[in-house]
Amino acid sequence: MGMTEQAPADIRPGRLGKAEIVANFSEMHPPLSRPEALIEADRCYFCFDAPCTTACPTGIDVPGFIQKIRSDNVRGSAQTILSENIMGGMCSRVCPTEVLCEQVCVRNTLEDRPVRIGLLQRYATDSIIENGLQLFQRKESTGKRIAVVGAGPASLSCAHRLASLGHRVTVFNRDEKPGGLNEYGIAAYKTVDDFAQKEVDYILEIGSIDVRNGASLGVDFSLADLRKEYDAVFLGFGMAGVNDLSLGNGLAKGVIDAVEYISRLRQAADKSELPVGRKVLVIGGGMTAIDVAVQSKFLGAEEVTIAYRRGAQQMGASRLEQEHALTSGVCIRHWLAPERLLLSAGRLSAVRFEHTHLNSSGKLQGSGEYCELDADIVFTAIGQRVLWDTLGDTAKLLELAQARIAVDENRKTSLPDVWAGGDCVDGGEDLTVSAVQDGKLAAIDIDRYLRRIMDVGE
Amino acid sequence: MANLSSEFLGIKSPNPFWLASAPPTDKAYNVNRAFEAGWGGAVWKTLGEDPPIVNVSGPRYGVSYGNDRRVSGFNNIELITDRPLGVNLAEMRQVKRDWSDRALVASVMLPMEEASWARYVPMIEDTGVDAFELNLGCPHGMSERGMGAAVGQVPEYIQRATEGCKKYACIPVIVKLTPNVADILPPARAARAGGADAVSLINTVNSIMRVDYDTLSMYPATDGMGSHGGYCGPGVKPIALHMIAEIARSRDTADLPISGIGGITDWRDAVDHLALGAANVQVCTAVMVYGFKIIDDLRDGLNNFLDEKGMSAVSELVGKAVPSVTDWQYLNLNHIEKASINQDLCISCGRCHLVCEDVSHQAITCEVNGERCFEVIDEACVGCNLCVSICPVEGCMTMKQLSSGTDPRTGQAIVNEKADWTTHPNNPMRGK
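Protein sequences appear in the order of chains A and B.
460 is the number that my numbering gives the last residue of the first sequence; the numbers go up by one with no jumps.
433 is the number that my numbering gives the last residue of the second sequence; the numbers go up by one with no jumps.
Please note: incorrect hints may appear among the correct ones.
[Stated by the list, open to error] Partial pick of chain A residues on the chain B-facing surface, computed with a CB cut under 7 Å: (1) Phe27; (2) Ile41; (3) Asp44; (4) Tyr47; (5) Val108; (6) Thr111.
[Stated by the list, open to error] Which stretches of chain B does chain A cover? Using the computed rule of at least three CB atoms under 8 Å from a CB of chain A, they are: (7) 58-70; (8) 344-352.
[Said to hold, decoys possible] The following residues of chain B were derived to be distant from chain A, with all beta-carbon distances above 10 Å: (9) Ser6; (10) Arg146; (11) Val155; (12) Leu186; (13) Tyr220; (14) Arg300; (15) Met312; (16) Ser316; (17) Trp329; (18) Cys385; (19) Leu387; (20) Pro393; (21) Val394.
These are calculated hints, taken from the structure and not from any lab test.
All C-beta atoms, glycine included, are put in the ideal place defined by N, C-alpha and C.
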């Protein structure tokens with residue numbers, strides 16, 4: 003951070019008082035109280051072939067679990083949720099329900115106000131996980147061993163299902179703590195009180211899951227090693243790489259990878275110690291862009307602007323997320339593509355953008371007009387990718403699609419004993435809930451595969 | 002504005018809404034508050050012989066409710082008044098003096114001996130009350146002592162009690178009936194035979210609310226033990242309406258004035274009671290839950306309704322629906338209705354399909370041309386009204402009459418003349 007000769011940019015911690023920062027990072031959507039949950043549950047119509055269930059990537063029986071909340075059968079409700087989605091607790095916090103289950107709630111037609119499915123799901127699952135009430139147990143041991151690479155939602159979902167089916171699982175986690183993006187990638191105000199770790203503990207409590215932290219594929223072991231040593235392998239290593247701006251000088255001081263910053267924020271015990279700029283510019287249009295922008299504002303940045311090269315409709319962040327940013331005081335500028343970083347004495351001072359629009363054939367095009375936005379910090383949030391060069395021979399062994407792993411509907415790769423899921427596979431929705439589903443489907447298929455082998459063996 | 006003033010057995014009150022004999026009319030303090038709020042009359046909490054009974058000092062009430070704790074049913078084990086007779090009589094005298102335009106009725110429960118009627122009836126009448134109401138319905142406690150429902154369940158006793166009271170009373174006598182009988186008509190006939198000027202019904206229904214899920218003992222309980230109570234509130238209205246209509250439409254009881262009681266919470270409930278034959282109504286549970294102020298809605302809701310119907314007085318509404326009540330055997334079997342779904346209002350919840358598929362006649366689609374769509378299949382619809390009843394959107398599903406052509410379900414031509422079970426070829430009793 004040696005900046006001696008030039009005037010330092012205005013980046014510092016403690017822009018707001020400690021108490022104000024703590025209040026800003028309190029929970030975005032507080033949980034429902036018991037009376038609220040009972041009344042909300044009463045609003046569910048218990049639809050036939052419920053659209054909410056169809057819209058849920060993990061296919062949770064939504065009317066079923068709401069019916070059970072209504073009758074005060076909270077344990078049964080949690081069982082209904084968690085048996086389809088073992089991370090139902092985290093999903094109830096981070097799922098963009100406004101574009102999933104709640105978007106298709108028939109109440110929208112009647113009164114433009116869906117049943118608050120996400121908060122009900124949280125009501126049911128919180129009481130179980132907070133009270134450590136274990137609802138799952140392992141089937142009789144099969145003696146089969148599976149290696150799971152990664153410890154994010156896809157991997158832990160897979161590991162839990164495999165363990166419950168009687169298999170032994172070893173999870174190889176490159177991070178210090180398990181949880182993946184649940185632990186390192188989600189905005190702090192969406193999951194408070196260390197919920198991610200509580201959920202991980204609940205998942206691991208089933209037993210037969212051995213987690214090895216700080217163990218990286220491509221460094222400590224190879225895919226070939228795993229295939230040799232284990233009966234099956236599941237890959238859920240996510241996307242460790244972030245796309246850079248490709249503006250030539252992307253490494254200038256003051257340009258920060260949003261994913262890395264969000265992770266630091268999540269891990270910081272005292273958020274008032276995190277430095278933030280007076281003027282913050284975020285480049286991108288997804289959830290990561292929203293999360294880093296809102297959190298910068300919460301840390302006390304005066305001006306936070308998200309610049310996105312397309313319009314509001316095309317943003318990866320849902321409308322509700324966008325509204326949340328706007329009401330938090332973030333400015334969203336559309337149709338601006340970054341053209342050049344402007345430096346002052348080697349340090350970022352502004353970004354030059356070109357105005358964009360869609361041409362007659364629907365392609366994004368620069369208009370030739372330019373503008374400059376001042377910034378002490380630029381957060382880049384323009385997508386992530388799998389860092390294949392760090393994963394050893396993995397890419398060579400697997401069929402890829404769009405630079406991610408190609409899988410079939412059972413999340414099986416081109417190798418007969420390797421499955422994959424989560425952000426590292428092609429065709430997903432990049433949501434926690436779809437990662438959980440990937441892990442679940444893979445585990446079910448792995449179980450089928452292993453039992454077939456056992457049958458033949460006997 | 003319609004005229005809400007009411008005359009029941011010659012007793013005038015500014016509106017047809019009386020408070021039933023129950024906890025809300027326990028003493029002058031409460032009754033004064035009720036009259037200040039605008040109630041038309043009150044039936045004082047049942048008087049008995051001295052020394053007064055005693056109540057438990059544990060829970061007297063239990064309720065059933067929905068998830069927002071809105072009360073749907075109510076149960077009580079409170080007995081008749083637990084205050085000395087003299088105290089009640091003095092207060093009644095004062096209240097009647099202070100509120101001469103309101104109806105004040107004395108509810109009484111006395112041993113089945115002529116001496117007690119002879120002694121107490123004139124004493125109570127002397128307070129200036131407008132009428133007696135014989136409590137022959139209280140289902141708990143008092144019935145164990147041979148009073149209340151123990152009398153009301155035996156027509157012969159009803160008649161004797163009515164005669165006893167009538168013999169010594171100069172003012173009208175209303176007999177309050179218990180619903181805890183197989184058929185309400187014998188008690189009504191007995192009251193009439195005993196000389197009753199009117200009947201009031203229903204009293205509460207024998208009930209236990211639930212168990213305590215922790216202790217697995219009945220709830221509510223006093224020191225671990227419970228005793229059945231009387232059920233009332235919205236849940237009992239249909240039971241009351243049936244019994245009222247039976248009395249109103251039976252030849253030998255039709256001329257007996259009825260004071261309707263049972264589940265009246267808002268003005269629509271009152272309309273039900275009045276149209277099915279009650280000449281006025283009594284309320285208890287609703288004020289137990291919401292207080293006396295509900296009289297505002299009862300009064301102007303009924304008033305607005307009468308105005309909309311072009312009726313100038315409550316009396317025009319009384320009994321209006323009675324001719325529409327009949328026995329099943331007289332229902333027109335040639336009348337064909339089919340459910341119909343207004344697709345513009347349908348929110349596609351599919352509940353109609355679900356219930357028709359599971360429990361009825363498989364007469365609603367869930368898909369049309371591969372799309373989620375709910376439509377009635379006339380070929381299968383028997384017109385049962387289940388889907389219309391459970392549809393969450395008001396007005397989306399309706400019943401439509403087929404008045405010409407053939408019924409697609411039976412293939413039979415629609416016949417416009419009425420034909421009922423009495424003439425149906427399948428009826429083995431036909432023509433007998």
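Status of each hint after checking the structure:
1. Phe27: violated, 33 Å
2. Ile41: Hint holds; Ile41(A) Cβ to chain B Cβ min 5 Å, cut 7 Å.
3. Asp44: holds, 5 Å
4. Tyr47: Tyr47(A) check passes; min Cβ-Cβ to chain B is 4 Å, inside 7 Å.
5. Val108: holds, 4 Å
6. Thr111: holds, 4 Å
7. 58-70: holds (count 4)
8. 344-352: holds (count 5)
9. Ser6: holds, 41 Å
10. Arg146: With a cut-off of 10 Å, Arg146(B) remains clear of chain A, as the shortest Cβ separation is near 39 Å.
11. Val155: holds, 42 Å
12. Leu186: holds, 40 Å
13. Tyr220: holds, 15 Å
14. Arg300: Non-interface label on Arg300(B) holds, nearest chain A Cβ at 30 Å vs cutoff 10 Å.
15. Met312: Holds, since 34 Å exceeds 10 Å.
16. Ser316: At roughly 40 Å from the nearest Cβ of chain A, Ser316(B) sits farther out than 10 Å, so the non-interface label holds.
17. Trp329: holds, 32 Å
18. Cys385: Cys385(B) is indeed farther than 10 Å from all Cβ atoms of chain A, at 18 Å.
19. Leu387: Nearest chain A Cβ is 14 Å from Leu387(B), so the label holds.
20. Pro393: The claim is violated: Pro393(B) sits with its nearest Cβ about 5 Å from chain A, within 10 Å.
21. Val394: violated, 6 Å
The structure fails hints 1, 20 and 21 (numbered hints given earlier, in ascending order).
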